[in-house]
Amino acid sequence: MLHKILPLVFISLPLFASGLTVSIMHPLKKSLPLTIEANGVVVANNKSVITAKSAGMVHFYTIQNTFVSQGDLIAKVSNSLRQRRVQFLKNKIALQKSQLATEKRKLKNTQEKYTMGVGSKNSYLSEKIAFSQRKEIQENTQNEYNILVQKEQDAVIYAPQDGVITDMSANNSFIHYGEKIASLLSTNNSVKLFIDASYAQKIKKGMLVKLQSSYKNCNATIMNVLPKSSNNLIEVMAKPTVKLPLNLQLNAQIELKTLTGVLIPKEAIVLVDNHPAIYLIDAKNIAHLCFIEIQKDMINNALISNSLPKNANIALKNAYMLHDNLKVSVQ
Numbered sequence: 001m002l003h004k005i006l007p008l009v010f011i012s013l014p015l016f017a018s019g020l021t022v023s024i025m026h027p028l029k030k031s032l033p034l035t036i037e038a039n040g041v042v043v044a045n046n047k048s049v050i051t052a053k054s055a056g057m058v059h060f061y062t063i064q065n066t067f068v069s070q071g072d073l074i075a076k077v078s079n080s081l082r083q084r085r086v087q088f089l090k091n092k093i094a095l096q097k098s099q100l101a102t103e104k105r106k107l108k109n110t111q112e113k114y115t116m117g118v119g120s121k122n123s124y125l126s127e128k129i130a131f132s133q134r135k136e137i138q139e140n141t142q143n144e145y146n147i148l149v150q151k152e153q154d155a156v157i158y159a160p161q162d163g164v165i166t167d168m169s170a171n172n173s174f175i176h177y178g179e180k181i182a183s184l185l186s187t188n189n190s191v192k193l194f195i196d197a198s199y200a201q202k203i204k205k206g207m208l209v210k211l212q213s214s215y216k217n218c219n220a221t222i223m224n225v226l227p228k229s230s231n232n233l234i235e236v237m238a239k240p241t242v243k244l245p246l247n248l249q250l251n252a253q254i255e256l257k258t259l260t261g262v263l264i265p266k267e268a269i270v271l272v273d274n275h276p277a278i279y280l281i282d283a284k285n286i287a288h289l290c291f292i293e294i295q296k297d298m299i300n301n302a303l304i305s306n307s308l309p310k311n312a313n314i315a316l317k318n319a320y321m322l323h324d325n326l327k328v329s330v331q
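Per full-length UniProt numbering, the very first residue in the sequence shown carries number 1; after that it's consecutive.
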């Protein structure tokens, strides 16, 4: 009884398979970009250091990580001893000028008496020496005053350019001459991308980058590939087409090159011995196995190398149920 059933089973399988109905499609030529994904962050093109040109207590007129325009008041460095000294010298100079004017008049009178012969030469020379000494003292006082006034002017710190203030010293803290009080980040920003080091030889200057973030989506152009890497990542600098806020985290898609081939749905692809393949249906509705090369794998479709005949009929529906040289019905 068993011997009679088995032949019936083997005979019925090809009869069932030959009744398969498939749908077909023709090759659709398509050009798609070959891209890689990367993470990135917005960084400043340059970072300048703001230093104190005088010693004293620093008082800020802005707060950390805020934008300032060129010429905006950033901070003042106050020094009570210097300020009192400036006031003292100012009063002293006024007094010395008054005394110098008196000495000048006395010198003139002595000179006139000496010229007329009613005064001694020694008196004239004595007054002349006294006037010169007092003038020298007044000039020294004036020089000290000018230096301190310049320090007072230098104690007022303005933004040298537009940017974002960061790395600020503690407010109301004492600082020394030449000490850093803050940094100024330029508003001309770049995007630093972190890319798998395996793509290092494929990343070139001028490549297009598509940026996506919670702030704005835009394009960028690769400017430079930095000669350093960490954690199997290389750093790539790109210039965005729009201004982006500092420290913005974003995702990037880099277009390596354009691929040209045939776009087909994934349901048309089968695996045969771990190699991708499709079935082509000839004029007699016979299925023929054809191995393919996938250039780009997508969610629902795949771009394969353009090696198919122009009018090829690619099996679509029920492709996974076919085998080579199988007779099918075309829907």
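Do not rely on the hints blindly, as some may be mistaken.
List time: in silico EDC-like cross-link candidates among lysine to aspartate or glutamate, alpha-carbon distance up to 16 angstroms [claimed, not checked]:
| # | residue 1 | residue 2 |
| --- | --- | --- |
| 1 | Lys192 | Glu37 |
| 2 | Lys128 | Glu112 |
| 3 | Lys30 | Asp282 |
| 4 | Lys228 | Glu267 |
| 5 | Lys180 | Asp167 |
| 6 | Lys76 | Asp154 |
| 7 | Lys53 | Asp154 |
| 8 | Lys53 | Glu37 |
| 9 | Lys97 | Glu136 |
| 10 | Lys202 | Asp154 |
| 11 | Lys204 | Glu136 |
| 12 | Lys92 | Glu136 |
| 13 | Lys266 | Glu235 |
| 14 | Lys202 | Glu37 |
| 15 | Lys47 | Asp196 |
| 16 | Lys104 | Glu152 |
| 17 | Lys317 | Glu255 |
| 18 | Lys53 | Glu255 |
| 19 | Lys106 | Glu139 |
| 20 | Lys104 | Glu136 |
| 21 | Lys205 | Glu235 |
| 22 | Lys104 | Glu127 |
| 23 | Lys310 | Asp282 |
| 24 | Lys29 | Asp196 |
| 25 | Lys97 | Glu152 |
| 26 | Lys180 | Asp154 |
| 27 | Lys90 | Glu179 |
| 28 | Lys284 | Asp324 |
| 29 | Lys296 | Glu136 |
| 30 | Lys92 | Glu127 |
| 31 | Lys53 | Glu152 |
| 32 | Lys90 | Glu152 |
| 33 | Lys210 | Asp324 |
| 34 | Lys296 | Glu255 |
| 35 | Lys76 | Glu139 |
| 36 | Lys327 | Asp297 |
| 37 | Lys92 | Glu144 |
If you're looking for bench data, these hints aren't it; they were derived computationally from the structure.
So, going through the hints one by one against the coordinates:
1. Lys192 / Glu37: Given that 16 angstroms is the threshold and the Cα spacing comes to 13 angstroms, the pair holds.
2. Lys128 / Glu112: 13 angstroms, holds
3. Lys30 / Asp282: At roughly 23 angstroms apart (the allowed maximum being 16 angstroms), Asp282 and Lys30 break the hint.
4. Lys228 / Glu267: 43 angstroms, violated
5. Lys180 / Asp167: Roughly 9 angstroms separates the two Cα atoms, so the pair holds.
6. Lys76 / Asp154: 9 angstroms, holds
7. Lys53 / Asp154: Holds. Lys53 to Asp154 sits at ~6 angstroms (cutoff 16 angstroms).
8. Lys53 / Glu37: Distance of about 47 angstroms is beyond 16 angstroms: violated.
9. Lys97 / Glu136: 11 angstroms, holds
10. Lys202 / Asp154: Outside the cut-off at roughly 51 angstroms; violated.
11. Lys204 / Glu136: 69 angstroms, violated
12. Lys92 / Glu136: 14 angstroms, holds
13. Lys266 / Glu235: Violated. Lys266 to Glu235 sits at ~35 angstroms, over the 16 angstroms cutoff.
14. Lys202 / Glu37: 13 angstroms, holds
15. Lys47 / Asp196: 27 angstroms, violated
16. Lys104 / Glu152: This hinted pair is violated, its Cα atoms lying about 32 angstroms apart.
17. Lys317 / Glu255: Distance ~33 angstroms between Lys317 and Glu255 Cα, so the pair is violated.
18. Lys53 / Glu255: Violated, at about 49 angstroms.
19. Lys106 / Glu139: Violated - the C-alpha atoms of Glu139 and Lys106 are around 19 angstroms apart, more than 16 angstroms.
20. Lys104 / Glu136: 13 angstroms, holds
21. Lys205 / Glu235: Holds. Lys205 to Glu235 sits at ~13 angstroms (cutoff 16 angstroms).
22. Lys104 / Glu127: With Cα atoms ~9 angstroms apart, Lys104 and Glu127 stay inside 16 angstroms; holds.
23. Lys310 / Asp282: Cα-Cα ~13 angstroms, so holds.
24. Lys29 / Asp196: 31 angstroms, violated
25. Lys97 / Glu152: 23 angstroms, violated
26. Lys180 / Asp154: At roughly 14 angstroms apart (the allowed maximum being 16 angstroms), Asp154 and Lys180 satisfy the hint.
27. Lys90 / Glu179: 29 angstroms, violated
28. Lys284 / Asp324: This hinted pair holds, its Cα atoms lying about 14 angstroms apart.
29. Lys296 / Glu136: With Cα atoms ~87 angstroms apart, Lys296 and Glu136 exceed 16 angstroms; violated.
30. Lys92 / Glu127: 22 angstroms, violated
31. Lys53 / Glu152: 9 angstroms, holds
32. Lys90 / Glu152: With Cα atoms ~14 angstroms apart, Lys90 and Glu152 stay inside 16 angstroms; holds.
33. Lys210 / Asp324: This hinted pair is violated, its Cα atoms lying about 43 angstroms apart.
34. Lys296 / Glu255: 13 angstroms, holds
35. Lys76 / Glu139: Since the Cα atoms of Lys76 and Glu139 sit roughly 29 angstroms apart, the hinted pair is violated (cutoff 16 angstroms).
36. Lys327 / Asp297: Distance ~30 angstroms between Lys327 and Asp297 Cα, so the pair is violated.
37. Lys92 / Glu144: 11 angstroms, holds
When the structure is compared with the earlier hints, violations turn up for hints 3, 4, 8, 10, 11, 13, 15, 16, 17, 18, 19, 24, 25, 27, 29, 30, 33, 35, 36 and for no others.
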